[in-house]
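In the order they appear, the protein sequences are chains A and R.
For the first sequence, the working numbering assigns the number 1 to the initial residue and increments by one for each residue that follows.
For the second sequence, the working numbering assigns the number 1001 to the initial residue and increments by one for each residue that follows.
Honestly, the hints are just simulated from the structure, not real lab data.
Only a predicted model underlies this, so the values are computations on that prediction, with no experimental measurement involved.
Even glycine gets a Cβ: it sits at the ideal position worked out from N, Cα and C.
Hints may contain errors.
Said to hold, decoys possible - Computed, partial: chain A to chain R, Cβ under 8 angstroms:
1) Met75
2) Lys92
3) Arg114
4) Pro122
Protein chains: 2
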Amino acid sequence: MDATTGIDEGNERFREAVVTADSAGMPRLYTRDAVVLPPNGNAVLGPEEIEKFWATAFKAGITDARPVTTEVIRMGDYALEVGECTVLAGAKVLDRGKIMVLWRREDRAWKMHRDTWNSSLPLQA
Amino acid sequence: MDATTGIDEGNERFREAVVTADSAGMPRLYTRDAVVLPPNGNAVLGPEEIEKFWATAFKAGITDARPVTTEVIRMGDYALEVGECTVLAGAKVLDRGKIMVLWRREDRAWKMHRDTWNSSLPLQA
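Go ahead and model the full structure; you've got the sequences and the hints to work with.
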């Protein structure tokens, strides 16, 4: 499967997991030794921490996250995705931001291996 | 030159450019079609915008930025760096954050191709 299709599928599964608040399913979208680098916190390492991270996000009220890919740079079994993402709590836009994700082929799927993002909105004074 | 050495050299040149507020020299540390994804703003595309971005950062008072590499994933002519960075304004720590940079070999050096970061500090209420 080519990287762009694999990343599209991964993002679709990611969005489904967010919409259904499926924190238990989240680690399967990531490689076994994945790292998440969220804003305003420390790096999140491996399946257990990743599940906990997303459980906390869903408890905080996130109901949807809509990633849009703007670029894929293929590098063998890796691919870097650059894109944008809108995060919602019900009808309210919590954040609009930029994403940068290193994907890797694992178990015949493309999975997130290093995942980071930041807000495109100005800092609140 | 191996990626880790090239990235170390690139980061050393980056830090020198920050300490000397050399915004005009900044684009040479990036590939010709580099993209910077800074927090709280839009993507910054290409040499002219990159120079302007750093000029604004230096005017805002940044006097030092100290990147520390924690991981390098080599992928042919590309390498992904994950690390941390402390940003100073004189003696004051402006920010401590996490960095994720895709480097690429260009003109016999390793240069930043996609550059993003975010703060590890909690959001101010």
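Problem set entry | Broken hints, by number | 2
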